[in-house]
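Engineer: Heads up: the sequence lines are chains B and R, in that order.
Quick note, the first sequence lines up with residues 0 to 610 if you use numbering that gives the first Met the number 0.
Quick note, the second sequence lines up with residues 0 to 610 if you use numbering that gives the first Met the number 0.
Since the hints were made in silico from the structure, they are not lab data.
Some hints here could point you the wrong way.
Copies of the same chain are indistinguishable here, so a pair counts whether it falls within one copy or spans any two.
Listed below are the simulated BS3-like cross-link pairs for lysine-lysine, each with C-alpha atoms no more than 30 Å apart in a straight line [what the hints assert, rightly or not]:
| hint | residue 1 | residue 2 |
| --- | --- | --- |
| 1 | 144 | 198 |
| 2 | 421 | 532 |
| 3 | 33 | 89 |
| 4 | 241 | 472 |
| 5 | 576 | 164 |
| 6 | 578 | 33 |
Number of protein chains: 2
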Amino acid sequence: MTQDNYMDKEQKLNNLRHSLAHLLASAVLEMFPKAQLGVGPVIENGFFYDFLLPRSLTPEDIKVLEKRMRALAQSKLAFERIEMSTIEAKEFFKGQNQPFKIQLIEDMEKFGTTKADEILNAEPRGTGLQPRNHAESVDKVSLYKTGKFIDLCRGGHVENTSQIKSDAFKLDKVSGAYWRGDQANPQMQRIYGLAFETKGELVEYLKLQEELAKRDHRVVGPRLGLFLFNDMSPGIPFYQPKGMVVRNELEAFVREVSYGPGYSEVKLPQLFDSELWKTSGHWEHYKDDMFVLEVEEKQFALKPMNCPGHMLLYKQGLYSYRDLPLRMAEMSTLFRNELTGVLSGLTRVRGFAQDDCHIFLAPEQIADEVADLLKRITKIYKIFGMEIEDVYLSTRPEKSLGTQEEWQMAEMALAEALRKAKWEFEINQGDGAFYGPKIDMSIKDVLGRKWQLATVQLDFQMPKRFSLDYVAKDGARKTPVVIHRALIGSFERFMGILIEHYAGALPLWLSPVQVAILPISRKQNAYAKKVLKELRMQNEEFRIELDDRDESIGKKIREASMQKIPYQLILGDKEVKAKKVAVRTREGKDSGAMALKKFVEKIQTEIEKKK
Amino acid sequence: MTQDNYMDKEQKLNNLRHSLAHLLASAVLEMFPKAQLGVGPVIENGFFYDFLLPRSLTPEDIKVLEKRMRALAQSKLAFERIEMSTIEAKEFFKGQNQPFKIQLIEDMEKFGTTKADEILNAEPRGTGLQPRNHAESVDKVSLYKTGKFIDLCRGGHVENTSQIKSDAFKLDKVSGAYWRGDQANPQMQRIYGLAFETKGELVEYLKLQEELAKRDHRVVGPRLGLFLFNDMSPGIPFYQPKGMVVRNELEAFVREVSYGPGYSEVKLPQLFDSELWKTSGHWEHYKDDMFVLEVEEKQFALKPMNCPGHMLLYKQGLYSYRDLPLRMAEMSTLFRNELTGVLSGLTRVRGFAQDDCHIFLAPEQIADEVADLLKRITKIYKIFGMEIEDVYLSTRPEKSLGTQEEWQMAEMALAEALRKAKWEFEINQGDGAFYGPKIDMSIKDVLGRKWQLATVQLDFQMPKRFSLDYVAKDGARKTPVVIHRALIGSFERFMGILIEHYAGALPLWLSPVQVAILPISRKQNAYAKKVLKELRMQNEEFRIELDDRDESIGKKIREASMQKIPYQLILGDKEVKAKKVAVRTREGKDSGAMALKKFVEKIQTEIEKKK
């Protein structure tokens with residue numbers, strides 16, 4: 000789908016949702032003629048409308064309203080635009096006893112059209128609607144009429160309610176909301192609705208929500224003993240022992256696949272003098288997002304990114320063209336001063352680490368290096384069963400650093416790399432950062448959600464800010480280009496996504512406990528211990544748990560499955576006698592009795608292949 | 000050696016050194032009759048004396064003075080104590096034209112005897128001399144006479160200079176020093192002397208100093224490309240790629256030997272709300288050593304130790320006696336706000352990590368657990384060829400937390416553990432921390448220097464402060480005891496010590512580059528590449544460098560040896576023809592031509608055995 004088609008579809012959906020908000024208000028006014036109306040904007044996946052009502056809404060009310068909305072939709076009402084002067088409009092809403100609408104018109108008179116969209120939508124986040132560029136004084140407003148209902152409205156509607164599919168929308172929930180988000184104002188009731196073009200999309204969305212709730216890493220992570228949060232350090236995870244196993248496995252994975260031969264790991268301080276941040280430009284542009292502290296009358300800050308430190312380390316060496324590409328990798332924890340209000344699970348944190356690397360190289364090396372990175376990205380996400388989509392090459396924006404020649408060369412190199420790696424891509428003209436072109440991509444998880452995870456970003460600026468150089472073949476001092484790259488991105492965010500992607504059932508190689516040994520009764524405990532010892536002898540890195548409690552085998556299996564332990568070895572008299580183990584998966588699949596040696600081979604292969 | 004004997008020896012040595020300071024002053028006065036004398040205290044390894052002289056001292060002067068001191072010593076002079084009232088003494092020094100001595104007496108009159116020692120010694124650090132407990136007004140002072148020379152002096156001398164061995168002391172160096180360390184005062188010349196009981200000790204000391212200068216990790220570390228420091232983050236090392244290899248190997252070593260089965264690694268935030276530090280007591284007692292910052296109007300601090308976080312994590316779980324001992328290990332970087340003035344290399348830093356672990360356990364488990372720890376310590380330091388000495392069990396001090404019963408039980412458990420591990424030890428009565436008894440030990444390196452590295456410390460207090468508990472066998476809630484333990488201590492400090500211990504020549508398993516492939520000329524480059532490929536195929540974890548520059552083999556060998564690369568494979572025509580490699584060590588030992596397979600076996604074994 001091209002960008003343009005995407006915008007068309009988005010606008011169409013917005014019109015649909017906005018129209019439904021009118022139908023909802025109309026239905027509410029029929030039920031409560033004295034209802035006072037607030038705002039009713041489009042939001043992600045639907046719409047809402049705020050009402051001041053004589054009483055609290057019941058679930059029964061919602062059903063009635065939904066039914067009435069369907070009836071209204073089916074009566075094929077047109078949306079009719081009416082223009083009025085603001086004076087006439089205020090008079091009209093006074094007659095309707097709608098004081099909030101009058102306030103909105105007054106706001107528009109005061110702040111002009113720039114604010115008008117914001118005012119009418121009240122909650123612009125997630126709507127995809129942008130305020131206009133220039134403020135114009137407002138003396139006219141538009142209203143829209145559907146059936147008997149007339150609402151103050153900027154417009155964007157379906158022509159006729161017959162375009163709304165009755166089975167593609169649904170009232171979702173009711174919550175409280177203060178008029179204009181201010182506790183000093185009256186509390187209104189906000190009715191949320193979901194709306195899509197087709198029933199299929201609605202059903203799919205509802206299923207996804209249900210699935211997401213079950214998979215939510217903020218719930219699943221602590222339940223599996225992976226991590227937890229505590230108010231003593233908001234937004235920084237406490238890796239529990241099992242979570243630390245996963246983290247260590249991921250770090251080993253990064254060292255193997257994201258880094259590897261040719262990559263050099265370093266570990267730099269996490270605390271730097273503000274002088275460094277001034278050189279890098281972070282002090283000017285990023286200071287509010289940094290944790291700042293005073294040390295011996297100087298300002299220091301915890302590092303929010305590795306790059307400035309890496310520039311400093313490069314600067315202390317002396318490099319020639321033969322040393323390039325020089326790949327400086329670091330997995331230290333970074334800190335960003337996010338407001339507690341926006342913190343969320345592992346996806347929005349104050350402390351996180353990345354599979355970060357800065358590659359210092361000569362311009363002529365860009366194509367090969369980036370092609371190598373793209374191949375690594377392909378390899379990594381294939382292992383996790385995720386797909387790469389929406390690949391864009393973003394080119395030189397209007398305001399940018401560097402010469403036309405540098406940009407052209409770099410853009411061509413990125414395009415060449417994309418072709419070398421056999422990636423399909425589109426050009427995003429002028430959407431590069433001011434300091435260099437970049438490649439953007441989405442990673443699609445099993446739920447179809449798209450994530451920005453991998454970063455491949457060229458940078459002409461930072462090496463210049465730090466006056467870095469290398470001795471070129473001809474003996475001249477040249478400035479290297481830098482590639483900022485992270486392939487899985489933040490360990491924390493990636494772990495959160497993995498938990499949801501796998502619904503907690505991490506692949507064998509990542510599982511904190513890989514095998515649970517479950518003797519059926521006390522009688523098999525001795526054999527169970529022998530099996531444990533034998534497994535450990537075969538490979539001391541196997542992560543095995545023996546459950547020899549005096550509990551029923553049913554309970555043991557249930558708990559091991561709840562803990563998402565990939566393999567359970569059920570040991571009864573039969574197994575003891577046959578000197579075998581009965582293998583069961585966490586999904587409940589029985590592979591029957593097996594010689595221990597065969598089982599070891601089986602899991603060894605799976606671990607190696609990262610299945 | 001017992002503590003008492005140690006004190007005797009120390010006092011004897013101090014008397015010797017102090018007497019030599021008098022001989023030096025006497026010799027200086029003979030050379031410069033108008034010399035004005037400052038202070039002349041005992042310091043570590045010797046003494047110094049400050050003089051205001053008519054001209055700068057030359058190396059020739061020092062030789063003359065040293066010779067004169069030997070002559071004085073050999074003339075068997077007695078030290079004779081003379082007591083005078085401060086008035087008489089001031090009069091005496093006025094006659095001698097010694098204004099600094101008069102100032103010293105005035106100070107003693109003013110500040111009393113508490114200050115007297117400090118005043119006379121001027122630099123109390125490292126002397127082992129303690130100021131007296133109570134101030135007494137001073138109206139009398141003592142002077143000591145040797146030959147013709149009389150000095151204001153608290154005493155502590157040899158009876159007769161014949162007790163000084165002429166070949167066991169040496170004038171060391173001259174430096175500038177302001178009277179009383181104040182730049183506003185006259186600049187004096189400070190002559191340093193080294194002095195020991197025997198010639199052997201002096202020679203040994205000089206050899207050690209020479210060796211230490213060569214091994215200084217602050218010089219060797221950056222030269223080997225292991226780490227460096229930068230003013231943008233004083234006191235926190237920048238691990239360069241090679242240093243990071245060593246660090247990662249040490250972390251793997253810790254996971255294997257210092258932790259291992261039964262240990263659970265965690266990773267907690269490095270930033271905590273001050274509320275946590277208030278609960279732990281650090282806010283009250285340790286705040287000045289912490290990096291403090293404000294976040295959303297609350298005080299936070301970077302963690303200087305892991306314990307409070309671990310207490311918090313324990314508290315969020317629910318544990319029974321069956322879960323104990325619970326071993327919570329963490330290697331996160333810790334931060335201490337040391338003054339820039341005291342920072343030094345890797346030994347005094349602002350950022351460091353430990354092989355830290357907190358063991359939560361029932362009192363009856365202490366003996367077995369501690370015995371296990373002592374065995375691990377033995378194992379670890381044997382690997383590094385270091386010795387464990389001066390083992391003390393420190394018992395309950397006067398002021399302490401916990402009951403007499405708890406202390407007795409814990410002390411007995413520690414003693415039992417020491418016996419189980421077959422460690423010889425002495426009791427340090429009353430020298431435990433107020434929160435629990437502990438085991439102290441020194442680790443002796445190859446230079447005979449002793450280090451405090453391993454910590455095994457019981458703690459009754461912290462679990463109580465955090466109200467931790469576990470369900471005992473009888474169902475009652477009990478408070479666990481905590482063992483704070485680190486076996487190698489700080490990674491940074493340990494790496495610094497290792498560099499000096501091995502003089503940079505780290506053992507094979509720790510070496511950043513293990514094998515250098517050195518073709519004699521361009522002709523052997525193709526074969527060298529084949530050898531490299533073959534070695535990588537044999538074990539992709541071998542760390543190998545190929546030096547195929549157009550440089551002489553002599554230069555290549557020299558540089559590889561300077562870089563302390565354990566093995567060099569020299570490849571000439573002979574080796575190409577025989578399909579072998581000529582193996583040379585960094586010490587210059589040739590093992591002759593060898594089949595590559597044999598070499599692989601050899602280094603594989605050495606790496607595994609951590610030789």
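Engineer: Regarding residue 33 and residue 89, is the shortest C-alpha distance of 30 Å or less found within a copy, between copies, in both, or in neither?
Structural biologist: within (18 Å within a copy, 104 Å between copies)
Engineer: Should residue 241 paired with residue 472 be assigned to within, between, both, or neither, using CA atoms and 30 Å as the limit?
Structural biologist: between (51 Å within a copy, 26 Å between copies)
Engineer: Evaluate residue 576 and residue 164 at a C-alpha cut-off of 30 Å and name the case that applies: within, between, both or neither.
Structural biologist: Classified as neither; 64 Å inside a copy, 83 Å across copies.
Engineer: Please sort residue 144 with residue 198 into within, between, both or neither, judging by C-alpha distance up to 30 Å.
Structural biologist: Within one copy only: 26 Å inside, 109 Å across.
Engineer: Which holds for residue 578 with residue 33 at a C-alpha limit of 30 Å: within a copy, between copies, both or neither?
Structural biologist: neither (79 Å within a copy, 98 Å between copies)
Engineer: Between residue 421 and residue 532, at a C-alpha cutoff of 30 Å, which is it: within one copy, between copies, both, or neither?
Structural biologist: Between copies, since 29 Å is at most 30 Å while 48 Å is not.
Hint violations for this structure: numbers 5, 6, all remaining hints satisfied.
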